[in-house]
Amino acid sequence: MSLMGRTLDDAAGEAFDKVAKMLGLGYPGGPEIEKQAALAEPPWPGFPVASLGPESLDFSFSGLKTAVLNRLLAKGRDYLEKLEAGEIRRVSRGFQEAVIEAVSAKALKALEVSGCRALAVAGGVSVNRALRAELTTLAGRHGFKASFPPPGLCTDNAAMVAWNARALLLLDRARMPEPAVSARSAWPRYQRP
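For what it's worth, my numbering labels the leading residue of the sequence shown as 1, then goes sequentially.
There's no promise every hint is true.
Per label pair, the in silico range of CB-to-CB distance [unchecked claim]: (1) A85 to L169: 46 to 52 Å; (2) R6 to K145: 22 to 28 Å; (3) S56 to G24: 50 to 56 Å; (4) L73 to K145: 40 to 46 Å; (5) G143 to E81: 47 to 53 Å; (6) A159 to G63: 53 to 59 Å; (7) V113 to E84: 40 to 46 Å; (8) A120 to G63: 23 to 29 Å; (9) E101 to L3: 31 to 37 Å.
30 Å max Cα-Cα, derived BS3-like pairs, lysine-lysine [to be verified]: (10) K21 to K106; (11) K75 to K145; (12) K109 to K75; (13) K65 to K35; (14) K35 to K18; (15) K82 to K109; (16) K145 to K82; (17) K106 to K82.
Simulated from the structure, these hints should not be mistaken for laboratory data. All C-beta atoms, glycine included, are put in the ideal place defined by N, C-alpha and C.
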């Protein structure tokens, strides 16, 4: 396994959480935005997808978040009081579409560069039904296999990485380095000289 790309700012899940907060939706933001996006009636706004160069496999969602905020602030600083349900749904859909476009484009590029014919999708955002549908469609069109964990196992990416590390340790395919620190259950009281 090798790292081919990373986020330059917020991860996709963080972007979902922050945009959901901008829209006055709950936490975690991914499921809330997905619900609203599914109810959106066209037209929804087209938000920018960061272009980091034709060879880059990195992600950036800060410009997308700023574009959403600028659209909302155009209504005034008290925009939350003025937002109607239809606008929340359309902004959610436009935002979700931009994230899906970014993830899909990078996934296709990574498959092309690596020569792999299989894509494993993980992390909290991997539960998003629209993302799954788009990647499944692309898999059929481009001849690769897309795999997704069951929705109940799509959780925070750090937890999924930790679970993978645990599995590798149990299979004796990885080694834990000796700890560089030691734990102390009780500290002596500070005494003045």
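Verification of the supplied hints:
1. A85 to L169: 46 to 52 Å: holds (48 Å)
2. R6 to K145: 22 to 28 Å: holds (24 Å)
3. S56 to G24: 50 to 56 Å: violated (34 Å)
4. L73 to K145: 40 to 46 Å: holds (43 Å)
5. G143 to E81: 47 to 53 Å: holds (50 Å)
6. A159 to G63: 53 to 59 Å: violated (28 Å)
7. V113 to E84: 40 to 46 Å: Cβ of V113 to Cβ of E84: about 44 Å, so the range 40 to 46 Å holds.
8. A120 to G63: 23 to 29 Å: holds (27 Å)
9. E101 to L3: 31 to 37 Å: violated (22 Å)
10. K21 to K106: Within the cut-off at roughly 26 Å; holds.
11. K75 to K145: With a Cα-Cα distance of about 44 Å, the restraint between K75 and K145 is violated, given a limit of 30 Å.
12. K109 to K75: violated (38 Å)
13. K65 to K35: holds (19 Å)
14. K35 to K18: holds (16 Å)
15. K82 to K109: violated (41 Å)
16. K145 to K82: Violated, at about 44 Å.
17. K106 to K82: Judged against 30 Å, a Cα distance of about 36 Å means the pair is violated.
In this structure, the earlier hints numbered 3, 6, 9, 11, 12, 15, 16, 17 are contradicted, and the remaining ones agree with it.
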